[in-house]
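Model the full structure from these sequences, guided by the hints.
Those sequence lines, one after another, are chains R and A.
Heads up, the first sequence is in our numbering, so the first residue is 1 and it goes up one at a time.
Heads up, the second sequence is in our numbering, so the first residue is 1 and it goes up one at a time.
Check before you lean on any hint, since a few could be wrong.
Straight line, CA to CA, 25 Å or less: simulated PhoX-like cross-link-like pairs of lysine-lysine [claimed, not checked]: (1) A:K85 / A:K140; (2) R:K47 / R:K32; (3) R:K118 / R:K96; (4) R:K137 / R:K127; (5) A:K106 / R:K195; (6) R:K160 / A:K159; (7) A:K87 / A:K65; (8) A:K65 / R:K203; (9) A:K140 / R:K203; (10) R:K195 / A:K85; (11) R:K137 / R:K151; (12) R:K96 / R:K109; (13) R:K160 / R:K144; (14) A:K140 / A:K106; (15) R:K203 / A:K106; (16) A:K140 / A:K87; (17) A:K159 / A:K140; (18) R:K203 / A:K87; (19) A:K65 / A:K106; (20) A:K85 / A:K65; (21) A:K159 / R:K151; (22) R:K195 / A:K87; (23) A:K140 / R:K195; (24) A:K85 / A:K106; (25) A:K87 / A:K106.
Read the hints as simulated data drawn from the structure, not as lab findings.
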Amino acid sequence: MGIWLILGLGIALVLLGVIVWLAISLNLSQKKTAAARQKAFNETAEKDVEHIFNDAFRQELRNRGLLHFEQIINENAMFLQQDLRITASQVNDYMKQEIKRTLTEEFAKYEQSIADAKQLATDSINKTQGAIEEQRKILTDQLKQQADAAKAQLVEHFEKNMADTVNHYIMLAIGEQIDLNDQLEYIIGDLEANKQAILEDIKNGA
Amino acid sequence: MAPEPATPSPVLVLPQAIVGQVDIIRATRELEALGDMLSQQKRGGTAVQLPPISERLAAVIEANKVDIQNQTERQRLYDFLGELKTKAPRLHMSFASEPAGLFTEKIITWLRTEIHPLLLLDIGLQPTIAAGCVIRTSSKIIDCSIRQRLVNSTPDLLKRLRGDIHA
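Dropping the structure here:
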């Protein structure tokens, strides 16, 4: 039995090999045929192309191509112009927004700094005013004290010298109009009043 | 020549014309000069002519009824004036202005009537008095001026002044 198996397998293998060899040969032949065919086709095609695409046709094609190209270029230019305009407009709008935003921020900061400076100045002025008010009060009190002291001194001086002052004014006012004869009665009266004192003095002196 | 008989000495009086010591001194000098002149005239044998004398001396002579040609009486008057100069009680009164003659006369009359008949009054000027007088004796000063009255009245015046201010 084994022998038969081995034999069968060998035969299968040979058959398979033959088949493969045939396939490869066929393929190669087909390829050779295809290649030859292709080559023939190519040669034929070239001839036909040479026959169809002559110079005039080529020129025509060239012209059409140029026109189409110009058309495309113009369209693209127009699209580009539109895009540029749109872009420029957008850039302007963006710039405006940014500038506006920046200016708004800066002005807000400036306004804030001015308000702060104003507040500082107001505080400083208020402090200075308070200090000045205190000084004024102190000076007023001192001045009042000095004025009161001076007034008291003047009053004391006047009271101390009132007799001399009034005497002086009497002399200035009526000094030259006072007649001794008018005073005789009063002088005699004074002598009477001091008579005893004068008598005692003369008696003691004698 | 026989000496003239001594007459009893009457009490000599001081007339109002003699006010203070200055008058005494002037009267004394004048009396001395008069005596010298009369003595010379008598020695010369010429008729005695009385020279003009001041009112002051004339008043003394008249008040005391002195025979000026009598040397004894002249001498007595001279001695009297000399004693007055050294021993008479003196009073000094200052006034604001120069007193008139009548004023002085009345003052001296009162003083010689009430204080002493032979009192001599020296008069001074003190313009600062304004009114009244200042009496100075040998040991006292009596200020009767208006200034002193004001000084004495200062407390009352101040009281009234303060009362008026507060009112």
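A quick look at each hint next to the structure:
1. Restraint check: the Cα-Cα separation between K85 of chain A and K140 of chain A comes to about 21 Å, which is no more than 25 Å; the hinted pair holds.
2. Between K47 of chain R and K32 of chain R the alpha-carbon distance is near 22 Å, which keeps this suggested pair within the 25 Å criterion.
3. For the given pair, K118 of chain R sits about 32 Å from K96 of chain R by alpha-carbon distance, which is inconsistent with the 25 Å threshold.
4. For the given pair, K137 of chain R sits about 15 Å from K127 of chain R by alpha-carbon distance, which is consistent with the 25 Å threshold.
5. Using a Cα cut-off of 25 Å, the hinted pair K106 of chain A and K195 of chain R holds, with the two alpha carbons roughly 16 Å apart.
6. Between K160 of chain R and K159 of chain A the CA atoms are separated by roughly 14 Å; this keeps the pair inside 25 Å, and the hint holds.
7. The suggested pairing of K87 of chain A with K65 of chain A holds, with an alpha-carbon distance near 23 Å, which does not exceed 25 Å.
8. Of the pairs offered as hints, the one joining K65 of chain A and K203 of chain R is violated, with about 29 Å between alpha carbons and a cut-off of 25 Å exceeded.
9. For a cut-off of 25 Å, the pair hint linking K140 of chain A to K203 of chain R stands: about 13 Å separates their Cα positions.
10. Distance hint between K195 of chain R and K85 of chain A is fulfilled; the C-alpha atoms sit about 23 Å from each other, no more than 25 Å.
11. For a cut-off of 25 Å, the pair hint linking K137 of chain R to K151 of chain R stands: about 20 Å separates their Cα positions.
12. Of the supplied pair hints, the one linking K96 of chain R and K109 of chain R holds, its CA atoms being roughly 19 Å apart against a limit of 25 Å.
13. For the hint pairing K160 of chain R with K144 of chain R, the CA-to-CA distance comes to about 23 Å; that is within 25 Å, so the pair holds.
14. A distance of roughly 23 Å separates the Cα atoms of K140 of chain A and K106 of chain A; the hinted pair therefore holds under the 25 Å criterion.
15. Restraint check for K203 of chain R and K106 of chain A: satisfied, since their Cα atoms lie roughly 23 Å apart, inside the 25 Å limit.
16. For the hint pairing K140 of chain A with K87 of chain A, the CA-to-CA distance comes to about 18 Å; that is within 25 Å, so the pair holds.
17. Annotation: proposed proximity of K159 of chain A to K140 of chain A is violated, straight-line Cα distance about 31 Å (limit 25 Å).
18. The suggested pairing of K203 of chain R with K87 of chain A holds, with an alpha-carbon distance near 12 Å, which does not exceed 25 Å.
19. Distance hint between K65 of chain A and K106 of chain A is fulfilled; the C-alpha atoms sit about 23 Å from each other, no more than 25 Å.
20. For the proposed pair K85 of chain A and K65 of chain A, the alpha carbon gap of about 20 Å is at most 25 Å, so the pair holds.
21. For the proposed pair K159 of chain A and K151 of chain R, the alpha carbon gap of about 18 Å is at most 25 Å, so the pair holds.
22. With a C-alpha separation of about 21 Å, the suggested pair K195 of chain R and K87 of chain A falls inside the 25 Å cut-off, and the hint holds.
23. Between K140 of chain A and K195 of chain R the alpha-carbon distance is near 13 Å, which keeps this suggested pair within the 25 Å criterion.
24. A distance of roughly 22 Å separates the Cα atoms of K85 of chain A and K106 of chain A; the hinted pair therefore holds under the 25 Å criterion.
25. Among the hinted pairs, K87 of chain A with K106 of chain A is consistent with the structure: their alpha-carbon atoms are about 23 Å apart, no more than 25 Å.
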